[in-house]
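*Asks:* Can you make the complete structure from the sequences, with help from the hints?
Here the protein sequences line up with chains A and B, keeping their order. Using my numbering, read the first sequence as starting at 964 and increasing by one per residue. Using my numbering, read the second sequence as starting at 479 and increasing by one per residue.
These aren't lab readings, by the way, just hints derived from the structure by calculation. A hint or two may mislead.
[Unchecked claim] List time: in silico DSBU-like cross-link candidates among lysine-lysine, alpha-carbon distance up to 35 Å: (1) 582/B x 1087/A; (2) 481/B x 1162/A; (3) 1108/A x 1158/A.
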Amino acid sequence: MKKTDALIIGAGPTGLFTAHQLKLIGLDCEIVDNLDKIGGQCIELYPDKPIYDIPAVPECTGEELTNNLLNQLKPFDIKFHLSERVEEVKKEDNKWLVKTSGGNSFLTPNVIIAGGVGSFEPRKFPPKECEKFENKSLFYSVKDKNIFKGKTISIFGGGDSALDWAIELSKESHINLIHRRDEFRGAQATVDKMKALVKDGKINLFTKYQIANVHGKQTLESIDIKHDNDEIKNLKTEYVLGFFGLIMQLGPIANWGLNLNKKTIEVDTEKFETNQKGIYAVGDICNYPGKLKLILSGFHEGALAARACFKLARPDEKYRFEFTTTSTNLLKRLGKKE
Amino acid sequence: MAKITYITSDNQTHTVEVQNGLTVMEGAVQNDIPGIDADCGGGMACATCHVYVKDDWFNKIPKKEDGEDDMLDMAFEPKTNSRLSCQIIVSDELDGLEVNIPSKQA
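*Replies:* As structure tokens, then:
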């Protein structure tokens, strides 16, 4: 079990700056995120889209903002636990015991939820019957491509993931590529490559079709796909892959006994504490009168929550407010002074 | 100002007045109409404000801009009359618009 002064859930811009504030005032922290990379919505939803309302940064993309925040964290040693979802938060004596899907557990007086709109999960196929085959013959990501050798695979989607896998797997498998329209949003070079493979008969392309049903008792045998004009085709297939991007789900947070309002968590505006002592919520996921879902609000909320953490992490010390321009303590922590 | 009718998947009809300049998504969220999540807050980045626009209206409202169809690829059960409601801006011309909300956003 790991002990830390504060555990941050979510490695988006708010989580990152909250970590900065914690380290600056001399507290330890670790960060858990369900995504496989740092940056949250900035990196998953709009890495290339310019943002124009970060104070003192006239223009930057989601990716640039993330990189700048990481640069700002350079003086500090912060442990990230990526591709792990926090499953459980439980009271243990005066602390919180936090368990993740990756088997990590943390004991901490402070848990800061900087979870955006929840954790990113793959978007799934609409038909309910698909669940039966999930992770057996129906997948939303590829972990081991060797299982597909010599098999028939039906791949759904029109973005780079669907196209890249269709191209890669067509070397040693039979591929059906199915997409809801004629246009593909993947990179042009990838689309051209796919179309060449369609011409050579290496990929069977079905456009304006979507999944309608899946058939099979124990193992998947075939799928029905439906055209925009309602015509249904049955395709024999051993595997199905769906690439529809990610969606945010509140997930286990709903079970931690917090006051929820729709998909947000109610907090006070002094400490950004929830109804549970030592659990804070900052950034898009928190709610209070006047809440603005802006990145700049997340920075402010994180700074205040970090100060509140000090009290529970160092009950015998008194927190002193200091400026980075003048404080020897802070400059030492920033590595600017010996 | 336009009267907009939102029809949920269980056939509940909600008709509300929405101010010009707001989006059809905001009209739903501000009036607590269920079924529109709008996770990204109107940034055309999440496809959780997906609606079906009645056929006679689909061709009347301003067309999709670049990127909207890309996001609709990820929506739950998209159809040929699918739109992201955050991209439909309300004006007097939209008075009487009817949209159907899908059974799920994801």
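*Asks:* Is residue 582/B close enough to residue 1087/A, meaning Cα to Cα at most 35 Å?
*Replies:* holds (11 Å)
*Asks:* Does residue 481/B pair with residue 1162/A here, judged by a C-alpha cut-off of 35 Å?
*Replies:* Not OK: residue 481/B and residue 1162/A at ~50 Å, beyond 35 Å, violated.
*Asks:* For a C-alpha distance cap of 35 Å, please report whether residue 1108/A and residue 1158/A respect it.
*Replies:* Holds. Residue 1108/A to residue 1158/A sits at ~22 Å (cutoff 35 Å).
The structure shown violates just one earlier hint, number 2.
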